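Chain order of the listed sequences is A and B.
Residues -16 to 221 in the working numbering are what the first sequence lists, from first letter to last.
Residues 779 to 1019 in the working numbering are what the second sequence lists, from first letter to last.
Read the hints as simulated data drawn from the structure, not as lab findings.
As the structure is a computational prediction, the values presented were derived from the model and not from experiment.
C-beta atoms are modelled at their ideal positions from N, C-alpha and C, and glycine is treated no differently.
It is possible that part of the hints are untrue.
[Said to hold, decoys possible] Dumping the calculated DSBU-like pairs for lysine-lysine here, alpha-carbon to alpha-carbon at most 35 Å:
#1 982(B) with 151(A)
#2 982(B) with 150(A)
#3 22(A) with 153(A)
[Claimed, not checked] Output of the computed footprint for chain B on chain A, the stretches with three or more beta carbons under 8 Å from beta carbons of chain B:
#4 0 to 14
#5 141 to 151
[To be verified] Output of the computed footprint for chain A on chain B, the stretches with three or more beta carbons under 8 Å from beta carbons of chain A:
#6 920 to 931
#7 981 to 988
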Amino acid sequence: MCTLEQRGNLFFLTLTGDNEHRLGPTLFDSIRSALAQVKSQATPGSALITTAQGKFFSNGLDLAWAQAAGSSSFRDRLSHLLDCFKPIVADLLSLPMPTIAAVSGHAAAAGFMLAISHDYVLMKNDRSVLYMSELDIGLSFPDYFMAMMKSKISDPAARRDVMLRAKKVKAEEAVRMGIVDSAHDSAESTVKAAVLLAEQLSGRKWNGEVYAEIRKAMHPEVCGLLGLSHRAVVAPRL
Amino acid sequence: MCSLEKRGNIFILTLTGPGEHRLNPTLLDAISAALSRVRAESSMSSALITTAEGKFFSNGYDLAWASASGVFLDRSKLMSSKLRSLVADLISLPMPTIAAISGHCSAAAAIIALSHDYVLMRNDRGFIYMPELDIGIKIPDWWFVALIRSKIGAPRSQRELMLRAAKLTAHDALNWGIIDSAHNSTEETVRAAIRFGDELVGRKWDGHVYAQIRMRMLADVFDKIGCDESVGEVSHTRSRL
């Protein structure tokens, strides 16, 4: 489901298998446990790279699981999935190190959210798209999705195109829209660029707690909705 | 004052006549009535296009009417209240909305245009213009500014519009990220709006979900649309401070 690997200061979280990496109860547990491990092993100079195998980064929540117990349970199961996703977003926002999403395939709905919950988003420039599919499916957005979009995508027209037009955005356009940091030719070169960036950031040897507090302060609305408080003072290196 | 036409699933609301389409209570009521009809008559995936005849899209509030002796504040309050109701209507409309700016578009009319999801404009004549600074009237910051900031992200673009009172051609507005596209004439602008409207209608979105998403995106505006401090309509929350 997902693997965690450490190479020097860099942690690699990989969504494994050539499938849609649908976010359901099992994958959530797997990711949470990996992030907990990353957090416990963090040192100044650590960095996280999240990537995936195959054609998909993640195609969103496991709606098949949500539908599996019959239509009367769908809403409850969907709610449950959205509740399970919150701690993962919270963990990423409070991770004491820089985080980089190497988006090597399609990222839709919660998969798109997962990607932009990282500090840096690098993306493969081919037919892969970022896509908030909710409007097409007939679902509205949970409050923390809306808050994250507002916080990460500053241009109102870009936000409108993503959320109110359900636009399928390829890497180069995503860069122009300010959603993605850079576009790369292949999955390998995307990961390579992520590693290069991670090494640069790692070399700054930042205090992870300070990093996390600054990051949280930059996204006050999302943090509020996720129940993340932040502290003003950590040990300064003066 | 305004007409409502339906072409397939596209509603076209037109401010009629050759004049300035000043937003006095009568015109504001007519537009609101048209929007009620749009809601009532839309059965499935629809879209709204708002445009106007003549040289002006609209030149804003009817200040001449408001300036009759002794009634300025009351009349301003009335127009503000009706405008806010209209904008709330537009923002909660269960379908995509497209403004096809057909000429000069000032002040409160610019607010109406910006209340649409997409803004197209003719590039051969007409300005978008917030004249408040030039005529010495404060821009209602509680809700005009909230709307402008929700739709125009770049601080410099906001400054051009509000703090420089720039008269923006379609070309300027496009560069500043204020409109979505510019077209050669009113007819071309409306045609492009219809083509685009058809495309959006073809997505077969659930209008209520669409409206919900839009309202959440514009939550800041909704929070503030109940009041307008420039005509003395004060928020009860604020007055508790």
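Chain B over the segment 0 to 14 of chain A, status - at least 3 residues with CB closer than 8 Å
violated (count 0)
_Proposed proximity, residue 150(A) with residue 982(B) (alpha carbon, max 35 Å)_ = 14 Å, holds
Report holds or violated for chain A covering the segment 981 to 988 of chain B, Cβ cut-off 8 Å, minimum 3 residues. Holds: 5 residues of the segment 981 to 988 of chain B have a Cβ under 8 Å from chain A.
Would the hint linking residue 982(B) and residue 151(A) be met if the CA-CA limit is 35 Å? Between residue 982(B) and residue 151(A) the Cα gap is close to 16 Å, so the pair holds against 35 Å.
Between residue 22(A) and residue 153(A), does the CA-CA distance stay at or below 35 Å? Holds, at about 32 Å.
So is the segment 141 to 151 of chain A in contact with chain B by the C-beta rule, three or more residues under 8 Å, or is the coverage claim wrong? holds (count 6)
**Request:** Between the segment 920 to 931 of chain B and chain A, see if three or more residues pass the 8 Å beta-carbon test, and mark the coverage as holds or violated.
**Result:** holds (count 4)
In the structure shown, a violation is registered for the earlier hint numbered 4 alone.
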